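Spelled out, the chains give:
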Amino acid sequence: MNASISVLLFGITRDITGQSAVSVPLADGNRVGDLLLQLQQQYPRLADIRSLLVAVNGEYAEPDTVINSRDEVALIPPVSGG
Amino acid sequence: MESTTLLPTEQQRYQKHLNLPEIGPEGQLRLKNARVLVVGAGGLGCPVLLYLTAAGVGKIGVVDPDVVDMSNLQRQVLYTTDEVGKPKAKIAVSHLMRLNPEIQFNTYTLALDISNARSIIEEYDIVVDCTDNFKVRYLVNDVCVTVGKPFVYGAIHRFEGQVAVLNAPIPAPSSDGTSDDRKNPTVRRGPTYRCLFPEYPNDIEIPNCNDTGVLGVLPGVIGTLQANEVIKLITGIGQPLNEHLLMMDLLSMQQQKIKVKRRTDADELARQGLASGYRPATATSTGPQKMSARDLADRLARGESIFLLDVRERPEYDLCHLEQAVLIPIGMIPNNRKRIPTDRPVVVYCHHGIRSANVANYLYAQEGLTNLYNLEGGIDAWAREIEPEMAVY
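Chains A and B, in that order, give the protein sequences.
So the first sequence is residues 1 to 82, counted in full-length UniProt numbering.
So the second sequence is residues 1 to 393, counted in full-length UniProt numbering.
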């Protein structure tokens, strides 16, 4: 099944991709860690950010959280400005 | 010396609070007896300080090592044009004293650092994180977690901001359905900053607003939300942003509230942070370890069997690579997990050591591999220190 998922972007991830959301192909059983690696391949500069919070359906998600096609996924980097 | 009464002038000044049944004289006295430390008197610090002073927080500490710069005036609304070049902490307090002379201020014209943070923070009940750099943010977290103080976090980037109440006690509902901390001395605490972002990034990974620009009104919005959370924590009204990270985008006016739990190792991470001296770290003792180029060269020279995993892209590999290294670009890792051995050390490398740290952390988290080392400084460090004839790029 070839589904894709829309990932909402924040902070520096928005600046790196030039978009506020990106679409990522999703295979059955894909986990948060898989999604991050796919994004890092598409946008290598994302791989330079060590701490990236991934939220699935409004909750902090671990790397092994499985993502389904209707889930709402957000990528939240740390922000330093004050 | 806790105050138990409001003076007649205070009853006048705080009349609109006193009229609110949720606050009333009891809540106003809580504010009067509260001690709040505001770290950073910049974009976020200005509204936080103005509103906490106006609200009648009895003792306020102001920490800032900087002087007012002309480029601050677009958003740092406590300062005026003729104050450019003067120390922010002092100038802020001089304005705030005129706003509310009932408040006791402590001025710290210094940078919070590992030598002074604990003794300063211990003097206060709540800390407000209004800093503009990761080093002090992680320091505030680690000290607050260690000494058990709640802190209200705020941060801004271009048009969007983040707010959270961190390390705050979570009131446990008691058997009669009410929540009362006094019946429950071992209070559960909410998430910490390291539960959101465990690792300390450097300023190259994430630039600060001095470089990227920031909408002037943004710190006004986010700082005001922080002040609101402080007042809720002190008076006990409403639901504080405990166990949530609030994200706000001023361009779309969209908000996201992300539920976050405290990590079981939150205290340990804070202890490690304080011990680290705040150099950006790539690994913890349980996860992948680091290996220097020199160390790797020595181990290879001794004939040790080491699997060298290059996670860069093909053109980078063609330009230069370590002898006998196996190329699996970062995006191919998930489908090639079986090619990575588990019976001998695996040294993962990339150009500068950041992509490879991600792969090592991924393999550790997903596959449970415990034989992983990240080559510090990547192939660039190797070329400079070990193999000067190697191409650098």
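Just so you know, the hints here were simulated from the structure itself, not pulled from any lab data.
Computed from a predicted model, the values in this text were never measured in an experiment.
Mixed in with the good hints there might be a few duds.
Stated by the list, open to error - Computed cross-link-like contacts, DMTMM-like style, restricted to lysine to aspartate or glutamate with a CA-CA straight-line distance of at most 20 Å: (1) B:Lys257 to A:Asp48; (2) B:Lys135 to B:Asp113; (3) B:Lys16 to B:Glu102; (4) B:Lys290 to B:Asp343; (5) B:Lys232 to A:Asp64; (6) B:Lys149 to B:Asp69; (7) B:Lys259 to A:Glu62; (8) B:Lys59 to B:Glu123; (9) B:Lys259 to A:Asp64; (10) B:Lys259 to A:Asp48; (11) B:Lys149 to B:Glu243; (12) B:Lys261 to A:Glu62; (13) B:Lys261 to A:Asp64; (14) B:Lys59 to B:Glu26; (15) B:Lys261 to B:Glu243; (16) B:Lys290 to A:Asp48; (17) B:Lys232 to B:Asp249; (18) B:Lys149 to B:Glu268; (19) B:Lys257 to B:Glu243; (20) B:Lys261 to A:Glu59; (21) B:Lys259 to B:Glu243; (22) B:Lys257 to A:Glu62; (23) B:Lys290 to B:Glu243; (24) B:Lys149 to A:Asp64; (25) B:Lys232 to B:Glu26; (26) B:Lys149 to B:Asp265; (27) B:Lys135 to A:Glu72; (28) B:Lys338 to A:Asp64; (29) B:Lys259 to A:Glu72; (30) B:Lys261 to A:Asp48; (31) B:Lys90 to B:Asp69; (32) B:Lys257 to A:Asp71.
Outcome of the hint check:
1. B:Lys257 to A:Asp48: violated (26 Å)
2. B:Lys135 to B:Asp113: OK: B:Lys135 and B:Asp113 at ~9 Å, within 20 Å.
3. B:Lys16 to B:Glu102: Roughly 17 Å between the alpha carbons, so the hint for B:Lys16 and B:Glu102 holds.
4. B:Lys290 to B:Asp343: With Cα atoms ~18 Å apart, B:Lys290 and B:Asp343 stay inside 20 Å; holds.
5. B:Lys232 to A:Asp64: With Cα atoms ~36 Å apart, B:Lys232 and A:Asp64 exceed 20 Å; violated.
6. B:Lys149 to B:Asp69: violated (32 Å)
7. B:Lys259 to A:Glu62: holds (13 Å)
8. B:Lys59 to B:Glu123: holds (10 Å)
9. B:Lys259 to A:Asp64: Status holds; Cα separation ~17 Å.
10. B:Lys259 to A:Asp48: Not OK: B:Lys259 and A:Asp48 at ~25 Å, beyond 20 Å, violated.
11. B:Lys149 to B:Glu243: With a Cα-Cα distance of about 15 Å, the restraint between B:Lys149 and B:Glu243 holds, given a limit of 20 Å.
12. B:Lys261 to A:Glu62: Distance of about 11 Å is within 20 Å: holds.
13. B:Lys261 to A:Asp64: holds (16 Å)
14. B:Lys59 to B:Glu26: With a Cα-Cα distance of about 17 Å, the restraint between B:Lys59 and B:Glu26 holds, given a limit of 20 Å.
15. B:Lys261 to B:Glu243: holds (6 Å)
16. B:Lys290 to A:Asp48: holds (16 Å)
17. B:Lys232 to B:Asp249: Not satisfied, since the Cα-Cα distance of roughly 23 Å exceeds 20 Å.
18. B:Lys149 to B:Glu268: holds (16 Å)
19. B:Lys257 to B:Glu243: At roughly 10 Å apart (the allowed maximum being 20 Å), B:Glu243 and B:Lys257 satisfy the hint.
20. B:Lys261 to A:Glu59: holds (9 Å)
21. B:Lys259 to B:Glu243: With Cα atoms ~6 Å apart, B:Lys259 and B:Glu243 stay inside 20 Å; holds.
22. B:Lys257 to A:Glu62: Cα-Cα ~17 Å, so holds.
23. B:Lys290 to B:Glu243: Not OK: B:Lys290 and B:Glu243 at ~33 Å, beyond 20 Å, violated.
24. B:Lys149 to A:Asp64: violated (32 Å)
25. B:Lys232 to B:Glu26: holds (13 Å)
26. B:Lys149 to B:Asp265: Since the Cα atoms of B:Lys149 and B:Asp265 sit roughly 17 Å apart, the hinted pair holds (cutoff 20 Å).
27. B:Lys135 to A:Glu72: Distance ~32 Å between B:Lys135 and A:Glu72 Cα, so the pair is violated.
28. B:Lys338 to A:Asp64: holds (18 Å)
29. B:Lys259 to A:Glu72: holds (13 Å)
30. B:Lys261 to A:Asp48: violated (25 Å)
31. B:Lys90 to B:Asp69: Since the Cα atoms of B:Lys90 and B:Asp69 sit roughly 14 Å apart, the hinted pair holds (cutoff 20 Å).
32. B:Lys257 to A:Asp71: This hinted pair holds, its Cα atoms lying about 15 Å apart.
The structure shown violates the earlier hints numbered 1, 5, 6, 10, 17, 23, 24, 27, 30.
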